[in-house]
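Q: Protein chains in written order, with our numbering: chain A, 1 to 432; chain B, 433 to 654.
Source of the hints: derived by calculation from the structure; they are not laboratory data.
Backbone N, C-alpha and C fix where the C-beta goes; we use that ideal spot for every residue, glycine too.
One or more of the hints may lead you astray.
To be verified - Simulated crosslink set (DSSO-like; lysine-lysine; CA at most 27 angstroms straight-line): (1) K489/B with K342/A; (2) K519/B with K235/A; (3) K519/B with K489/B.
What the hints assert, rightly or not - These stretches of chain B come out as covered by chain A in the derived footprint (C-beta under 8 angstroms, 3 or more residues): (4) 450-460; (5) 533-544.
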Amino acid sequence: MRSLRLRLFAFLLALASVAALAVGGATYVSVRGEADELFDYHLRQMALSLRDQGRIADDERAVLERAEFDYVVQVWSVDGGVLYSTVPAPVLPARAVLGFSTVQVNGAPWRIYAAATPLRIVQVGQPLAARRELAAAAAARSVLPIAVAAPIVGLAIWWLVGASLAPLARVVRALRERGVDALEPLPSQGLPSEVTPLIDGFNALLARLAAAFDAQRAFTADAAHELRSPLTALKLQLDLLHDARDDAERDDAVQRLRSGIERAHRMVEQLLALARAEPGAAAARAPVDLSQVARQAVSDTATLAVSLGGRVDLEAPADAMVDGDADALRSLARNLVDNALKYGGTPPHVHIHVEREGGVATLVVDDAGAGIPEAERERVFDRFHRREPGRGTGSGLGLAIVRAVARAHGGSVQLSNSPLGGLRVEVRLPVA
Amino acid sequence: MRCLLVEDDEMIGESLRAALRRHGFAADWVRDGRAADAVLASERFDAVLLDLGLPHKGGLDVLRTLRARGDATPVIVLTARDATADKVAGLDAGADDYLVKPFELDELLARLRAVGRRASGRAEPALQVADLRLDPATREVSRAGRPVLLSAREFALLQALMERPGAILSRAQLEDRLYGWGEELESNAISVYVHQLRKKIGDDRLHTVRGVGYYVGEPKGG
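Taking the hints into account, I'd like the entire structure generated from these sequences.
A: What follows is the structure, encoded as structure tokens:
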């Protein structure tokens, strides 16, 4: 039973029934007990008084023999003859037990008191059904108020629950009527305090959803926007190829087009790496050796290092296992070494260092470039932020990827001054 | 036409400059807003291709500075921002036209010709001086209805002179119109092109004023 209203109603009904049963039962038992005592006393008094007075007066006889009088009186002689009986045929058994006894008379239980004199025996009996009826009537009277009150209380509850839940119905209506992408908070005024936390929780969820949607939208818009530059370059490069007048121009145009495609490809790869590192993109986790990741990054960037005439030192003795996504960590390290090579002086000098201390594995990349002023160190993590626009054809995503990956692994990234004179990037990750 | 290209993206700048030069424009290229300001303050261009997201000084600020000086050089904004509000802001800041990246080169060239035409107050796309006709869009030149084949430089030289018939352009002015910075330039290049042009279109249309320069039109009194 899902309906709160029906459930309350059923519960009330059950409660009323149990209460009625309990009250009725208790009344019956208690009235029956009192009636037993009272009637037993009557039986005894009557029997003793008849015994003592010896004979029964006529007026007494008239009273005793009235039909609505449910006592039966029988007087026996000691030899077993009926001396007197209030009913035409004697019903009480002749074998008298002195004092109280309960016997079956014609299949119904009777209560009998017998008193004896040397000459005769006086028996006064009463059917127990009379006592039961009395107790049952009393029990019925006591249950009556409950039986009358239950439907009234039920109706009241029915109405009260309905009225209390009306604001909830308003919320439901408001929810149904809103558009698919409307994420404004739901109205919570006038709601019962038991329901308010539900709506508040729901509103908090809506707010988080709205924020996530906004971030997603912004990311998509930024990405589309940023892809326009490489595409513009590609279009122009294709035009140049198309309009080439001789082999030299054609070769030059092909070369340009190739680097344009390479750049667009890098941009897409970087976007993908960032999207994968964003929260919510669950990736397979496995033990990854950070030293191995650093070595891989050095070999990934070897071509660039050679073409720039740069120097790359790697110091990765410790085996620093972290629990992580190998591809994402590789992208993190590669971006760091790539940046260090591109901005690490002319010719670049890069020092990479991996260490493990307690529960933290650290990857440190130092360069000998110009560094980043402290005021700018937070902004460089923004996606598509380029410190020197126009210089190079970077995606502006490198450090954004580094931070997203580090955070996805429960770690952090810190920028500081390098002993080599340039920038130091320190990535700290919890070890596996 | 001499164009200034203001673009911070290395690849776009390089390719666009090459493409413009190939289509007979003299194209110069600067990579940031401050450099654009400095160049625009000191040199004259027939058109500016202006990116908006520039380092040091944004494209819109460059445009406002230019217009605040009363400089009416035609400006075409080239940008990746395509929201209507951005276009409105660009045009209201004084841009003559607006092109969203990625654009077609042909469209850019057509728009360049159009702003050049508007700047010289012409409605007719083709230039006409007596029986000499030059169409910047199709790059066709004819004399008395007969087509004349010109090289890109010859065409650019003739166009510069025909845009203002009768006006004398100095050799330096013509060099500016024909060459971007850093392009190899022989000291007598202009005289060589004038000589070749005369051979192709006839020497009664292109005139020399000794020590001053050249003009196209009816010969001036004697």
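Q: For every hint, state whether the structure bears it out.
A: Going down the list of hints, with the structure as the test:
no.: 1; hint: K489/B with K342/A; result: holds, 24 angstroms
no.: 2; hint: K519/B with K235/A; result: holds, 22 angstroms
no.: 3; hint: K519/B with K489/B; result: holds, 18 angstroms
no.: 4; hint: 450-460; result: holds (count 3)
no.: 5; hint: 533-544; result: holds (count 5)
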